[in-house]
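Undergrad: Here's the letter readout for the chains.
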Amino acid sequence: MSILQLSQVTMRFGGLCAVNELDLVLSPGQLYGLIGPNGAGKTTVFNVITGVYTPTSGDITFEGAAIAGERCGRITRRGIARTFQNIRLFGEMSVLDNVKVAFDCRQATTLTTAVLRTPAHRVEEDRVARESLELLKIFKLDHLAAEKAKNLPYGSQRRLEIARAMATAPRLLLLDEPAAGMNPHESNELMDLIRWIRDKFGMAILLVEHNMKVVMGICERVHVLDYGSTIAIGAPAEIQRDPRVIEAYLGGA
Amino acid sequence: MRGALAAVGLLAALLAVNGLLTGSLIPGVSISPYLLQVICLAGINITLAVSLNLINGFTGQFSIGHAGFMAIGAYASAYFTVTFGDSVRAAIGFLPEFARDSVVLLIGLGIGAFLASIAGFFVGVPSLRLRGDYLAIVTLGFGEIIRVFILNIDAVGGARGYAGIPKLANFFWIYAFAALTILIVHRIVHSSFGRTLIAIREDEIAAEAMGVHTTRAKVISFVVSSALAGVAGGLFAHYLMYINTNSFTFLKSFEIIIMIVIGGLGSISGSVLGAVLFISLTEGLREFAQYRMVLFSLLLVVLMIVRPQGILGHKEFVTFLTRRRRSIGAAPGTTGSA
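Residue numbers (our numbering), protein chains in the order written: chain A, 1 to 253; chain B, 254 to 591.
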């Protein structure tokens with residue numbers, strides 16, 4: 001039983017084929033790494049899964065439902081959350097509000113209850129504030145809750161992005177280069193965090209990453225893309241020995 | 254309960270000030286009719302600025318068609334009171350005079366707000382798919398389309414303007430609705446819905462990725478903003494008793510934008526401040542009317558260099574003050590106590 005399945009997914013931009021007939025299967029609770037040289041189409045795969053792009057052809061199923069072509073927000077509410085390669089926090093908002101926004105996608109408050117300040121609305125607001133703070137505590141960001149997101153140090157911004165994605169209560173988490181720009185100490189912490197999230201919440205995680213230490217350290221399965229096509233799938237140890245992967249990264253002899 | 258008491262208190266205070274200003278509270282004590290008119294127009298500007306700030310400042314969607322929605326509110330409510338005002342009055346003849354006036358005005362404003370919000374919906378749905386400059390141009394165009402459309406309706410006077418509107422709005426109503434607008438926008442901004450609006454302003458792609466239905470949120474905010482502009486238009490019509498489409502050109506839209514930019518996009522108290530400052534400057538510079546726009550452009554240029562986020566920025570007046578005080582308290586002696 002798979003949680004996410006991509007079959008024969010192709011994404012073309014005019015004459016450029018960014019993703020070519022990609023097959024990808026993710027089981028629940030799996031830590032799956034997606035790697036490849038620059039321009040291999042990794043982020044495009046993320047954008048196709050999350051509905052930023054509609055694939056040119058092919059099917060995407062999430063928990064048995066076809067999601068290709070659905071709106072981004074709808075796919076998030078189905079249970080797929082993501083972070084971005086270049087951090088996209090709500091800079092002027094507080095750290096707490098960043099998480100609250102993501103929580104809001106699961107609650108049904110309307111404009112009228114907000115304007116009338118009904119008791120139900122207040123109860124809901126209190127609940128969201130409490131749960132957001134708990135989530136921040138998990139990510140060791142609670143002491144920064146009132147700070148503006150843009151004023152956080154880089155590593156904390158990365159953590160906040162993951163916390164925000166977690167607030168949408170996903171069953172599949174897509175992380176786009178979470179270790180980018182982190183020092184070795186921070187990336188070690190990140191590895192522990194990702195592993196811990198998977199174990200605690202039992203969610204599947206799809207990881208795009210250039211830091212091979214991170215990928216090989218935590219992923220159970222690694223998928224290698226080059227020019228939009230799959231060149232290898234397997235356990236980290238197998239991938240490291242695969243001649244085609246070595247050629248893609250280092251160039252042919 | 255406390256809120257209801259505060260509302261009653263505010264309305265009573267407004268009534269008292271209204272009486273004081275017009276001279277009916279204490280005989281012989283009043284202000285000049287000119288000053289009273291300036292104060293009332295300032296109140297209408299507050300409603301316009303705060304409502305526009307909801308879409309421009311908090312949702313981050315730059316609209317320059319606000320005068321169009323104001324025009325719809327003005328003409329629709331005026332048409333109602335002129336055409337059906339007497340029959341409504343006759344139907345509720347058992348009520349005292351001021352109550353009959355109030356009922357007619359409130360129904361008129363309701364109709365104006367409703368039609369303006371419908372127009373806001375039909376303008377918002379196609380144009381809010383656009384971003385930045387494109388949205389600005391399209392809303393500018395729609396604002397002018399609305400004005401030219403009204404200009405060609407003979408039933409409301411066409412190019413002659415619409416005269417003979419009963420004077421139903423006064424200081425009390427104008428400021429009551431300004432207060433209501435501030436309350437509505439304040440509550441929207443400080444709710445979960447307001448958070449999604451600000452998230453859209455900060456990063457629309459990320460907001461959508463967090464499960465926000467961005468198009469719907471933007472359209473709702475645009476519709477609310479248009480409805481409140483419609484109310485302001487209705488008050489404008491029933492205060493001046495004569496309206497002309499020339500009052501609702503894109504220049505009017507620009508004026509409202511200047512107000513919210515001066516005060517600070519994303520600050521309610523900033524919009525109030527901007528609206529009051531704007532009308533004070535325009536009236537204060539009446540003697541130099543031909544240089545007024547030159548001075549305004551200069552003022553804006555200077556503001557953009559010195560304080561690009563507007564006078565209050567994203568902050569509200571209250572937090573602005575408390576922050577100041579705290580920073581002064583944190584560093585005693587460094588702030589000049591001479």
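One or more of the hints may lead you astray.
Taking lysine-lysine pairs in the DSBU-like style, the calculated list, with each CA pair at most 30 angstroms apart, reads [claimed, not checked]: (1) A:K137 - A:K148; (2) A:K140 - A:K200; (3) A:K137 - A:K213; (4) A:K150 - B:K568; (5) A:K137 - B:K420; (6) A:K150 - A:K200; (7) A:K140 - A:K150; (8) B:K505 - B:K420; (9) A:K213 - A:K140; (10) A:K200 - A:K213; (11) B:K568 - A:K140; (12) A:K148 - B:K420.
It is worth saying that the hints were derived from the structure and are not from the lab.
Undergrad: Hints first: check each against the structure and report whether it holds.
TA: Hints, one by one, checked against the model:
1. For the suggested pair A:K137 and A:K148, the alpha carbons sit about 17 angstroms apart, so the restraint of at most 30 angstroms is met.
2. At roughly 16 angstroms between alpha-carbon atoms, A:K140 and A:K200 fall within 30 angstroms of each other, so this suggested pair holds.
3. In summary, the hint linking A:K137 to A:K213 is supported, as the alpha carbons are separated by about 27 angstroms, within the 30 angstroms threshold.
4. With a CA separation close to 16 angstroms, the supplied pair A:K150 and B:K568 stays within the 30 angstroms bound.
5. As the CA atoms of A:K137 and B:K420 are separated by approximately 59 angstroms, the hinted pair breaks the 30 angstroms bound.
6. At roughly 29 angstroms between alpha-carbon atoms, A:K150 and A:K200 fall within 30 angstroms of each other, so this suggested pair holds.
7. Distance check on the hinted pair: A:K140 and A:K150 sit about 17 angstroms apart at the alpha-carbon level, within 30 angstroms; holds.
8. For the hint linking B:K505 to B:K420, the alpha-carbon distance of about 22 angstroms falls within 30 angstroms, and the restraint holds.
9. A threshold of 30 angstroms between alpha carbons decides the hint, and for A:K213 with A:K140 the separation of about 24 angstroms falls inside it, so the pair holds.
10. For the hint pairing A:K200 with A:K213, the CA-to-CA distance comes to about 23 angstroms; that is within 30 angstroms, so the pair holds.
11. About 27 angstroms separates the Cα atoms of B:K568 and A:K140, which keeps this hinted pair within 30 angstroms; it holds.
12. Proposed proximity of A:K148 and B:K420 is contradicted: the alpha carbons are some 48 angstroms apart, above 30 angstroms.
Violated hints, in rising order: 5 and 12; the structure is consistent with all others.
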